[in-house]
Structures are given as C-alpha cells and as structure tokens.
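> Sequence:
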Amino acid sequence: MSTTRLRSGQVAEAAGVNPQTLRYYERRGLLAQPERSLGGHRLYPPAAVTTLRVIKAAQRLGFTLDEVADLLEAGRPRRAGGSDPGLRERARAKLAEVEARIADLRTIRATLLEAVEAGCDDLASCATSTDCPLPFADIAEEDHHDRHCC
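Using numbering that gives the first Met the number 0, the first residue of the sequence shown is number 0, and each one after it goes up by one.
What the hints contain is simulated information worked out from the structure, not anything from laboratory work. A hint or two may mislead.
Claimed, not checked - Quick list of simulated restraints, FRET-style, between CB atoms: (1) GLU116 - ALA92: 35 to 41 Å; (2) ALA99 - VAL53: 21 to 27 Å; (3) ALA13 - LEU111: 39 to 45 Å.
Every residue gets a Cβ at the ideal spot worked out from N, C-alpha and C, and that includes glycine.
Make the full structure from the sequences, and use the hints.
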C-alpha cells in the first residue's frame, strides 16, 4: 500500500480542476476529507485524482452533482446487504432523459427554422399573425390550463 500523499495543487492539476473545485467537492461530500500535514496542508491519496476524473466525466455525461454523489455512494462497499441501483440502471435513466431533451431540442430547432424562414422580425406582430410558426397560442393555452387546473 502506497503512503504517497498529494497536496491540493498536485491533485487539482492532475485531475484538471482548480483547487476551489476540489474544496467544493469535499464540502459536498463527493471527495473524502483529506489528511492534514503538520503544517495544515491537505494531503490526498492518489485515488483522489481518479475520483475527481470520474466526477468530471459523469458531469460531462449529464449527471448532476447530486446524481454523481449517488453514483459514488452506490459504488462504495456496503455493510448491509441492501440493493442500490448501479451505474447501468442510472445510465439508462439518464439516457432516457437525454433522448427526451434531444426530441425537445429538435422540435425547438424546427420551430425556430420556420420562424427564420417566415421572416419573423417582431415578436409582438408575429404573435398576432396567423402565419407565425412560433407556438404562442399553445403556450397561452398551457398557461391558462396550468392556472385553472388542479
């Protein structure tokens, strides 16, 4: 077992984050509190670099920090025999979320392309035009329904 410890700057540089991010992740519980040197410097095990890289990779895949914390916790050994959804299940759920967002973005893109092609330059006049491709009527109907529903 290696007893090599790294200081904050070394860990941050190796993981490609800044030292403030390192401290923030500690406060959030994503990264274990490090040991301290006699001089008060934080001393991290080399595995902290891997943990930081995992956190950043998960964020790039669309996981929130709360979700990352859950993923990290799910990967830790457990004392009790409880089951916890692992990466595969959580990745499936995130994939479904991403696919829904992509579908929404495609709809938004198509609507914006229609607005550009229709020459919509003024939102106020476009909103009153029957030729306007922007969904003003749909939005107003949704707002009206939300206010009077349930």
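> Tell me the hint numbers this structure goes against, listed in increasing order.
The structure conflicts with no hint, since it agrees with every one listed earlier.
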